[in-house]
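Number of protein chains: 2
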Amino acid sequence: MWLDDARRLFDPDFFSVDPADLAEYGRDWTRVHAPAPSAIALPRTTEEVSRLLRFASEREVPVVPSGGRTGLAGGAVAAKGELVLSLARMRRMDPVDLLGATVRVQAGAITEAVHAHVAPHGLLWPVDFASKGSSTVGGNVATNAGGVKVIRYGLTRGWVLGLQVVLAGGEVLELGGALEKNNTGLDLRQLFIGSEGTLGVVTEATLKLTKLPPPAAVLLFAVPDLAAVLRVFRDLRTAPITVSAYEFFTDRCLARLLAHRKLREPFPERHPYYVLVEADASPAVEEWIGALLDRGLVIDGTLAQHAKDAQDLWALREGISESLSATGLPHKNDIALPVAHLEAFCGELDAVFATRYPGWEIALFGHIGDGNLHVNVMKPDAMAKDEFLRHTKDADRAMFELVRKHRGSISAEHGIGLLKKDALAYSRSPEELAVMRAVKRALDPKGILNPGKIFDPV
Amino acid sequence: MWLDDARRLFDPDFFSVDPADLAEYGRDWTRVHAPAPSAIALPRTTEEVSRLLRFASEREVPVVPSGGRTGLAGGAVAAKGELVLSLARMRRMDPVDLLGATVRVQAGAITEAVHAHVAPHGLLWPVDFASKGSSTVGGNVATNAGGVKVIRYGLTRGWVLGLQVVLAGGEVLELGGALEKNNTGLDLRQLFIGSEGTLGVVTEATLKLTKLPPPAAVLLFAVPDLAAVLRVFRDLRTAPITVSAYEFFTDRCLARLLAHRKLREPFPERHPYYVLVEADASPAVEEWIGALLDRGLVIDGTLAQHAKDAQDLWALREGISESLSATGLPHKNDIALPVAHLEAFCGELDAVFATRYPGWEIALFGHIGDGNLHVNVMKPDAMAKDEFLRHTKDADRAMFELVRKHRGSISAEHGIGLLKKDALAYSRSPEELAVMRAVKRALDPKGILNPGKIFDPV
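Order-wise, the sequence lines are chains A and B.
161 is the number of the first residue of the first sequence in our numbering; add one for each residue after it.
161 is the number of the first residue of the second sequence in our numbering; add one for each residue after it.
Treat the hints with care, as some may be off.
Where chains are identical, the list cannot tell them apart; a pair therefore holds if satisfied intra-copy or between any two copies.
What the hints assert, rightly or not - List time: in silico SDA-like cross-link candidates among lysine to any residue, alpha-carbon distance up to 20 Å:
(1) Lys371 x Asp395
(2) Lys539 x Leu418
(3) Lys606 x Ala594
(4) Lys565 x Met538
(5) Lys368 x Trp319
(6) Lys368 x Phe548
(7) Lys368 x Leu562
(8) Lys240 x Pro518
(9) Lys368 x Leu396
(10) Lys545 x Phe513
(11) Lys371 x Gly282
(12) Lys545 x Pro518
(13) Lys545 x Ser176
(14) Lys545 x Ala196
(15) Lys371 x Leu396
(16) Lys368 x Glu272
(17) Lys240 x Tyr313
(18) Lys539 x Glu207
(19) Lys468 x Pro373
(20) Lys371 x Asp440
(21) Lys565 x Arg264
(22) Lys581 x Phe513
(23) Lys309 x Glu561
(24) Lys553 x His466
(25) Lys368 x Tyr313
(26) Lys292 x Arg430
(27) Lys539 x Gly488
(28) Lys565 x Asp257
(29) Lys581 x Pro428
(30) Lys309 x Leu562
Treat the hints as calculated values from the structure; they're not laboratory data.
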């Protein structure tokens with residue numbers, strides 16, 4: 161068996177076949193596929209990763225690269241006897257480069273640990289989302305992670321200056337480095353970012369940092385409809401305000417949240433839609449709020465007066481996902497639309513849902529400033545789970561048709577992995593898929609890296 | 161001949177073989193290779209581009225994609241009888257999408273025209289450099305153009321949400337669109353950005369816009385040495401100031417500039433180094449200048465008091481390149497270093513130059529905040545041009561060795577094209593070159609797209 165041969169090449173603790181490890185390292189935050197890896201490899205150095213992949217290539221052992229396994233698309237799941245290559249032991253962080261505002265870290269460094277490492281220097285790596293306590297830099301790179309601050313800072317892609325990547329055959333590439341500018345042929349670094357471990361294994365990254373922002377103003381508005389959500393947003397596009405987050409949620413989300421957690425009602429009355437805005441505090445922000453109320457663009461609004469207030473307002477938005485799962489069974493989708501199409505799309509989606517889900521509860525929230533909607537369909541209490549899943553599968557297809565019509569994305573930030581593979585063709589054309597496959601074959605001719613993720617081998 | 165057959169497929173004015181057109185469309189801003197294209201194709205639509213490339217693929221006609229031809233590396237030069245595919249007739253700009261802050265344009269749209277198109281809406285496409293009056297969106301994308309505002313906004317790569325690309329075989333890809341978030345498999349869009357026309361022809365782009373910045377403060381400092389240039393920069397990294405440009409030049413550059421153009425001396429006395437800073441105007445900027453002077457970090461400093469002043473300060477920096485060419489024969493290089501390595505690198509470079517160019521004049525300037533140096537060696541008056549070029553070729557190799565040692569880039573923003581091809585191996589490893597070639601073969605198996613640019617076919 162290949163594992164016996166492999167063991168001879170590494171230290172005794174390099175591989176684990178402990179059932180608890182197999183169960184733990186074989187899955188991510190999805191719970192659709194049962195974990196079933198054959199072994200877990202835990203290298204400490206890039207050289208070990210290279211040696212392992214060379215062996216895996218020679219013996220055609222399928223390998224699942226593994227970070228913090230907080231993914232929501234099954235990209236890090238090992239359900240078919242693969243070898244899991246975990247970067248968990250590679251967490252070194254170099255000293256912060258204050259002049260270049262960069263830091264080089266190993267791929268297993270935890271997102272939040274990077275934040276803590278650079279903050280004392282007044283610096284920020286602005287990749288920030290709910291799972292930052294477990295997610296790793298390598299995983300963020302492999303999935304091009306998004307989050308709540310994308311409207312200000314963009315995705316992970318923009319905050320990676322250099323990558324060290326090991327190819328399927330064991331070759332080590334040093335791509336870029338602490339360089340803002342480097343126009344020397346194809347930017348292979350960009351090719352690996354977001355490739356979900358199918359083209360190479362990220363072992364180190366040189367991260368671009370920015371200065372910590374000034375104190376934030378956090379606001380919550382109540383508005384009558386989605387059109388108002390977008391009118392306020394359009395106003396912000398050219399206002400002299402630096403916006404860090406523009407989030408929305410519906411009253412259904414708020415109701416579930418308040419049923420689940422002891423939080424204060426934000427306004428004396430309930431309203432159909434709520435908008436949460438975070439911006440750099442400045443006199444312009446207060447002027448802008450006044451103008452919105454004067455012009456009747458919003459029904460009600462509140463500006464957090466201190467840090468605790470701000471935290472409470474954020475809890476209304478960040479507690480939603482957990483509250484939906486705690487109070488029922490949500491069927492989740494993470495889609496993106498051109499912001500300019502959001503209103504038309506949501507109108508058409510309502511019509512689809514009215515037909516397919518008569519009277520069902522739909523909870524809608526998300527990073528509306530990025531055109532990113534989290535669509536949650538709640539299982540009716542009286543319906544069996546199987547029947548519910550059959551319905552949602554049909555409804556997904558109808559929704560994805562609308563996404564395609566409006567030139568949207570069937571996966572805004574979660575990626576494709578295993579869970580969205582069947583839907584990929586709604587966002588990518590046959591010609592694109594052919595190019596993706598050609599690139600995959602060029603970089604991983606034996607198809608050992610994360611096989612079956614994003615697309616099936618042909 | 162293939163051209164006769166091709167003519168039958170298109171309108172009569174589709175091809176030009178007018179000698180003036182051949183000379184004009186066959187070259188870029190470099191003057192190293194004599195232009196010698198066989199014909200110029202001037203499509204009006206993506207469908208025509210597709211039809212042309214399908215034909216070129218079938219007949220194996222080499223094609224040079226062509227934008228504003230302002231490149232400085234020979235990437236758009238057609239010196240070997242290629243067919244030039246010019247996007248000059250494809251300049252449509254769609255109405256600005258104010259909600260999404262995007263605009264879709266054809267690849268032939270001029271950079272400055274895009275700025276003028278979006279500015280009335282309070283918006284900016286922040287790709288900005290000296291040749292913006294001639295350069296095109298397609299050319300900017302193909303070369304991942306940089307410029308003077310990279311320190312604030314980054315390179316072109318960050319400001320392109322969607323691309324329409326025609327592959328060598330004529331297949332049309334719609335990559336992305338007006339979407340900030342779209343994690344659906346390999347991001348092929350990023351692969352084409354910066355590929356210098358070797359993988360596909362960009363026909364349309366959906367550009368990401370940002371709000372116009374507030375009024376700018378423009379400052380010029382005099383400092384004693386490079387260490388001081390970098391000390392001031394480090395201070396700015398965490399100061400509460402939004403920096404749009406951090407440029408430097410030496411007194412040699414200033415001397416050439418003042419010899420060539422009627423500009424005012426910026427300070428009562430001359431100093432070894434000058435730093436130009438542009439930042440969003442705010443009280444913090446004036447406080448910062450005071451603190452720099454108090455702490456003795458700078459020798460002298462001036463803050464532009466009105467727009468004309470600011471323009472005069474910028475002229476000191478932007479007039480350098482022209483002044484060097486007008487007053488002598490410069491040998492140019494455009495390199496980048498990790499900012500943290502700049503001081504060590506420049507010290508070692510001085511030593512190399514002292515050996516190779518004893519007593520010669522070196523003019524150094526550039527986007528120092530991005531680690532980007534424009535190194536200009538001036539031909540000594542008494543030396544013949546041939547001898548000069550022989551010397552500079554040797555000295556380039558010695559400089560590139562230092563660049564490699566410090567993990568820098570031999571082409572920061574100009575690209576590789578024809579002129580830097582021999583030096584590519586100083587910045588990219590054999591393994592990287594192998595992957596680049598594999599990707600090239602996967603996308604352009606017949607090698608018809610911009611052959612011989614970046615690297616030679618194998």
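Hint check against the structure, violated hint numbers in rising order
Violated hints: 4, 6, 7, 8, 13, 14, 17, 18, 22, 23, 24, 26, 29, 30; rest satisfied.
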